[in-house]
Amino acid sequence: MSTYFLRVASAGNTSNSVRPRKEKRLTYVLNDAGDTKHCAGVNSLAVLKSPATDGCEYLFTGSRDGTLKRWALAEDGATCSATFESHVDWVNDAVLTGSNTLVSCSSDTTVKVWNGLSEGYCIKTLRQHSDYVTTLASAEKNSNVIASAGLGGEVFIWDLEAALTPTSKSGDATEEDCSNGVNGSGSSLPMTSIRPISSGNNISLQTQSQVYIPVTAKGHKESVYALAMNESGSLLVSGGTEKVVRVWDPRTGSKTMKLKGHTDNIRALLIDSTGRFCISGSSDSMIRLWDLGQQRCVHSYAVHTDSVWSLASTPTFSHVYSGGRDLSLYLTDLATRESVLMCTKEHPILQLALHDDGIWVATTDSSVHRWAAEVRNPQKVFQRGGSFLAGNLSFSRARVSLEGSTPVPVYKEPSLSIPGTPGIVQHEILNNRRHVLTKDTAGTVKLWEITRGTVIHNYGEVSFEKKKEELFEMVSIPAWFTVDTKLGNLSVHLDTPQCFSAEMYSADLHIPGKPEDDKVNLARETLKGLLAHWLAKRKQRFGSQALANGEAPAGKDVPTRNLTASKIEVDGSADNDAAVYPPFEFSAACPPSIITEGSQSGPWRKKITDLDGTEDEKDMPWWVVDCVMNNRLPPRENTKCSFYLHPCEGSTVQILTQGKLSAPRILRIHKVVNYVIEKMVLDKPLDSLNSDGAAGVSGGQVTHPANGGDGIFRTGLKPWQKLKPSIEILCSNQASLIP
Amino acid sequence: MGAAGSKLEKALGDQFPEGERYFGLENFGNTCYCNSVLQALYFCVPFREQLLDYYSNNKSLADADENLLTCLADLFMQISSQKKKTGVIAPKRFVQRLKKQNEIFRSYMHQDAHEFLNYLLNELVDILEKEASPTKSDQETSSPTEKNANGPTSVHDNGDKKEPLVTWVHKNFQGILTNETKCLRCETVTARDETFLDLSLDIEQNSSITSCLKNFSSTETLNAEDKFFCDKCCSLQEAQKRMKIKKPPHILVIHLKRFKYIEQLGRYKKLSYRVVFPLELKLSNTVEDADAEYSLFAVVVHVGSGPNHGHYVSLVKSHNHWLFFDDENVEMIDESAVQTFFGSAQEYSSNTDHGYILFYERVPNGSTS
Numbered sequence: 001m002s003t004y005f006l007r008v009a010s011a012g013n014t015s016n017s018v019r020p021r022k023e024k025r026l027t028y029v030l031n032d033a034g035d036t037k038h039c040a041g042v043n044s045l046a047v048l049k050s051p052a053t054d055g056c057e058y059l060f061t062g063s064r065d066g067t068l069k070r071w072a073l074a075e076d077g078a079t080c081s082a083t084f085e086s087h088v089d090w091v092n093d094a095v096l097t098g099s100n101t102l103v104s105c106s107s108d109t110t111v112k113v114w115n116g117l118s119e120g121y122c123i124k125t126l127r128q129h130s131d132y133v134t135t136l137a138s139a140e141k142n143s144n145v146i147a148s149a150g151l152g153g154e155v156f157i158w159d160l161e162a163a164l165t166p167t168s169k170s171g172d173a174t175e176e177d178c179s180n181g182v183n184g185s186g187s188s189l190p191m192t193s194i195r196p197i198s199s200g201n202n203i204s205l206q207t208q209s210q211v212y213i214p215v216t217a218k219g220h221k222e223s224v225y226a227l228a229m230n231e232s233g234s235l236l237v238s239g240g241t242e243k244v245v246r247v248w249d250p251r252t253g254s255k256t257m258k259l260k261g262h263t264d265n266i267r268a269l270l271i272d273s274t275g276r277f278c279i280s281g282s283s284d285s286m287i288r289l290w291d292l293g294q295q296r297c298v299h300s301y302a303v304h305t306d307s308v309w310s311l312a313s314t315p316t317f318s319h320v321y322s323g324g325r326d327l328s329l330y331l332t333d334l335a336t337r338e339s340v341l342m343c344t345k346e347h348p349i350l351q352l353a354l355h356d357d358g359i360w361v362a363t364t365d366s367s368v369h370r371w372a373a374e375v376r377n378p379q380k381v382f383q384r385g386g387s388f389l390a391g392n393l394s395f396s397r398a399r400v401s402l403e404g405s406t407p408v409p410v411y412k413e414p415s416l417s418i419p420g421t422p423g424i425v426q427h428e429i430l431n432n433r434r435h436v437l438t439k440d441t442a443g444t445v446k447l448w449e450i451t452r453g454t455v456i457h458n459y460g461e462v463s464f465e466k467k468k469e470e471l472f473e474m475v476s477i478p479a480w481f482t483v484d485t486k487l488g489n490l491s492v493h494l495d496t497p498q499c500f501s502a503e504m505y506s507a508d509l510h511i512p513g514k515p516e517d518d519k520v521n522l523a524r525e526t527l528k529g530l531l532a533h534w535l536a537k538r539k540q541r542f543g544s545q546a547l548a549n550g551e552a553p554a555g556k557d558v559p560t561r562n563l564t565a566s567k568i569e570v571d572g573s574a575d576n577d578a579a580v581y582p583p584f585e586f587s588a589a590c591p592p593s594i595i596t597e598g599s600q601s602g603p604w605r606k607k608i609t610d611l612d613g614t615e616d617e618k619d620m621p622w623w624v625v626d627c628v629m630n631n632r633l634p635p636r637e638n639t640k641c642s643f644y645l646h647p648c649e650g651s652t653v654q655i656l657t658q659g660k661l662s663a664p665r666i667l668r669i670h671k672v673v674n675y676v677i678e679k680m681v682l683d684k685p686l687d688s689l690n691s692d693g694a695a696g697v698s699g700g701q702v703t704h705p706a707n708g709g710d711g712i713f714r715t716g717l718k719p720w721q722k723l724k725p726s727i728e729i730l731c732s733n734q735a736s737l738i739p
Numbered sequence: 001m002g003a004a005g006s007k008l009e010k011a012l013g014d015q016f017p018e019g020e021r022y023f024g025l026e027n028f029g030n031t032c033y034c035n036s037v038l039q040a041l042y043f044c045v046p047f048r049e050q051l052l053d054y055y056s057n058n059k060s061l062a063d064a065d066e067n068l069l070t071c072l073a074d075l076f077m078q079i080s081s082q083k084k085k086t087g088v089i090a091p092k093r094f095v096q097r098l099k100k101q102n103e104i105f106r107s108y109m110h111q112d113a114h115e116f117l118n119y120l121l122n123e124l125v126d127i128l129e130k131e132a133s134p135t136k137s138d139q140e141t142s143s144p145t146e147k148n149a150n151g152p153t154s155v156h157d158n159g160d161k162k163e164p165l166v167t168w169v170h171k172n173f174q175g176i177l178t179n180e181t182k183c184l185r186c187e188t189v190t191a192r193d194e195t196f197l198d199l200s201l202d203i204e205q206n207s208s209i210t211s212c213l214k215n216f217s218s219t220e221t222l223n224a225e226d227k228f229f230c231d232k233c234c235s236l237q238e239a240q241k242r243m244k245i246k247k248p249p250h251i252l253v254i255h256l257k258r259f260k261y262i263e264q265l266g267r268y269k270k271l272s273y274r275v276v277f278p279l280e281l282k283l284s285n286t287v288e289d290a291d292a293e294y295s296l297f298a299v300v301v302h303v304g305s306g307p308n309h310g311h312y313v314s315l316v317k318s319h320n321h322w323l324f325f326d327d328e329n330v331e332m333i334d335e336s337a338v339q340t341f342f343g344s345a346q347e348y349s350s351n352t353d354h355g356y357i358l359f360y361e362r363v364p365n366g367s368t369s
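Listed in order, the protein sequences are those of chains A and B.
Residue 362 in UniProt numbering sits at position 362 of the first sequence, with consecutive numbering throughout.
Residue 220 in UniProt numbering sits at position 220 of the second sequence, with consecutive numbering throughout.
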């Protein structure tokens, strides 16, 4: 009974109120480059040195594209061996702990724990933060402790073992099931069986009891951008826009000290293995070395000419590598203050990771490079010359670089590259509301068809603006989706009910075997295309008869809702239900991912081909399920649009109609022409018509009370009539048609 | 009134400035908001001179088409051309015109002097812009601004396409603020410029103009639900935003926000806070390297304890003498008396005369202090 209540409640707030509360949205992320490359900047790096089984070393990368990838490293290259896809926003940081546990944090406010050697299996999603989680820290010799911090000054210290202990919460299990790895089939621990099949009946409300709560380090008034923990996990340092380094006891979350000195945001922190020294990198362009025992800054190094965003130290803490906004990677001897420029990049440096005799460098570009580095004997680099003495005032380096004595980098080329694909940085939704023009970081301009998620034209490096003008079409279709590019790919957002506002004639979409007047709803067909795999899996799982009457096993509440809200769309005939039309067939080679959220847990992301059919209204918005399975669309206030047909100004043709005309929201212009002919030619004797051919019927305004004037007709119609029934319809003097 | 005039003349003696006129303005019933601002503008010498220049070049125009600009020019002309050195003038035409044009000022209610100043300056700009625009299409007709090419009023007149017209009102009062936003993720700074004719400053108890200006330029963080969409990051990120003065105006008008809406009371309340305004002001929060230096020449003072009643008077510095204008009355005061208008450190004080609008004129660097 409790289940029934829960489900009705979640549906009730959407269907009963006149002005529904904001519904959950469905987003799909397009992809044209496959699954083996990042398509946005790389925020985090982690090297797995102690191979568990196969003797292979791995690099983990976490990207702004929302995914993490595992790269199997060989002498001559790196191959993507797994994608960890579950975060729905930028992955901001990732750390490895224990033998193979990967922990990542994201702007989606979650921390996720993964089996690093799996095919992308997410063990747990930790939802404690309320804003972006920017940074993580692990303790090298205490695999059980992880700290996470983020915007709003939130700092949490997790006991991983306790956090991962499965509770009896079936709700939690369902969530993990749905946010479970991309390559779910190959996952080492398939979780699908945990989900109760007929989801409703065995979920009860009282299982929310034992929830693990992490230790909170309270005290930051502002956002945290950097964290570090010593190897035993007894010392935690944090830094952020407050410009101070705070030192905590992670076991209790209590403050131990506060170190002042930086004059801007603190973006990177390191602690040495003993926990005595701390190095910080800041947006004030300085690197500082702190003695935590003496609670003071022992050295400040003016090495960079702009913000320092990342630090990595040699094992003995004698030297530090630093990278930042000035595109430069430096190596600095902390004792002698000697600095040397290792290399310069084309993009600001976001993250560094030392690995044997190399250093991995991640930037705002989607590629990652390894550069040669002297980890064991860094002094060697200085012997080559070209070093300089770091000053201790922030402007000293800026001044030096202004004076033109820019150091020459030690290395010109990386020793290894992991290429990414260029991310999309600019986009324009075209008037036909099916095509989106994009430009990526490489300057390539592409045209996407978002109803099937593929690139239909690659124009190469051309002017985006010119191409946009070139592709301009005089059509008006309601805005049924929105787009953003924060993940480096096109993310298409569908929100109900506005996403169901656009229709097209089947004939115009070249869908064969349909009556001339057959229309399809673009969002419905797109959703069907996106969820075709899911629907097929669902049929396999629950049998086809379960779907025959549009009734899913999990959809017991649907008829209830139907009474209050849904209206069966009468436009579509019953037979067009399941088939996915070619213009809405999504690629299986580069399947898009969907990002959505149901009535339980939080948002999740998965490739459409990895959906296993168990996902239901707990995981997806009810309106999506209702649309795809039951062919029900939300009711529309205005299914008709009205317009006026007036004689053209200055013409002598009689007025055909006094009032407004009413039509479906899309209407073929020849129907209007037919109407005019009928009225003018057939109703009247021919000789009453003006014979000089110049007379016209004047047009009036077409108004769209629905959706603020979105429609096929925008403003005006001006039919012209000649002796031989030849009629021109003008729409705002711009679009015309002579039949 | 003759007595008052002669008293002032006596007080000044042979120090009475050559060619200067000190005339009170008659009050037509709650028009002190107008009188106090008009006196401050009259003693804003570059503004007055340019207005009189405009008047002498546009006599014919003024007859044909009366507007606030011609009425103001007319009034200033009337004052400056008086035979007597002191006395009282009735700004009748100007006030009539104002009431005719804007219903806000039509009633006999107490009006806000800053609102009036703001309306007047914007109206003057509009009129000048309107006058200048037809001259672009027909260059032959005498343009008020273009004809006067030798004067300092000459407007940027080569009919530039999109450039907004810079009138002599702009040249006096307009400054540029720049709104800098720095994304805290990629640290890219985006700057947007906006123009201003006066600066409205929030005030605090026991503060100074310098500290109020500092607060005005202080950094605001866009965070939590109010993040900034960074074009570089293509996403919402935290950002820091601050206002800087990019181009300090020649005449800096500072409006102290003494009338504050108090939610609990459901009405406006007057803040009688003590806010020190120096006679010489250095503007340090500018984008330019050098500080801009200013000298105080006029103060519009609000007298009274509440926002909806009270009185406006003005203090004016003319030829190194401080004068006190209270509608018809004009008196000489000592420079040290200016500080009695700073406000009070206690909430309830018998002194209810508080500086409300401050007029500073920029002076060449180094000439102050």
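The set of hints was computed from the structure by calculation and includes no laboratory data.
Each hint should be verified, as a subset may be incorrect.
In silico DSBU-like cross-links for lysine-lysine, where the CA-CA straight-line distance does not exceed 35 angstroms [what the hints assert, rightly or not]:
| # | chain 1 | residue 1 | chain 2 | residue 2 |
| --- | --- | --- | --- | --- |
| 1 | A | K260 | B | K241 |
| 2 | B | K99 | B | K130 |
| 3 | B | K232 | B | K260 |
| 4 | B | K241 | A | K468 |
| 5 | B | K241 | A | K255 |
Only some residues are given here: those of chain A computed to face chain B with a beta carbon under 7 angstroms [unchecked claim]:
| # | residue |
| --- | --- |
| 6 | K221 |
| 7 | S223 |
| 8 | S307 |
| 9 | R325 |
| 10 | T485 |
Nothing here was measured: the structure is a model prediction, and the numbers come from that model.
We treat Cβ as the ideally placed atom computed from N, Cα and C, and that holds for glycine.
Pair hint outcome, K260 (chain A) versus K241 (chain B) [Cα-Cα no greater than 35 angstroms]: holds, 23 angstroms
Interface restraint verdict for T485 (chain A) against chain B (beta-carbon cut-off 7 angstroms): holds, 5 angstroms
Interface hint compliance - K221 (chain A) to chain B, C-beta minimum distance less than 7 angstroms: For K221 (chain A), the interface hint is violated, since the closest Cβ of chain B sits about 11 angstroms away, which is over 7 angstroms.
Status of the hint placing S307 (chain A) at chain B (closest C-beta pair under 7 angstroms): holds, 6 angstroms
Hinted pair K241 (chain B) and K468 (chain A), Cα distance within 35 angstroms: Between K241 (chain B) and K468 (chain A) the Cα gap is close to 33 angstroms, so the pair holds against 35 angstroms.
Hint check: 7 angstroms Cβ-Cβ cutoff, S223 (chain A) to chain B: holds, 6 angstroms
Pair hint K232 (chain B) and K260 (chain B), alpha-carbon separation not exceeding 35 angstroms: Distance ~39 angstroms between K232 (chain B) and K260 (chain B) Cα, so the pair is violated.
When the least beta-carbon distance from R325 (chain A) to chain B is tested against 7 angstroms, hint result: holds, 6 angstroms
35 angstroms limit on alpha-carbon distance, applied to hinted pair K99 (chain B) and K130 (chain B): Since the Cα atoms of K99 (chain B) and K130 (chain B) sit roughly 21 angstroms apart, the hinted pair holds (cutoff 35 angstroms).
Given hint K255 (chain A) paired with K241 (chain B) - CA-CA distance at most 35 angstroms: holds, 30 angstroms
Going through the hint list in order, the structure does not satisfy hints 3, 6.
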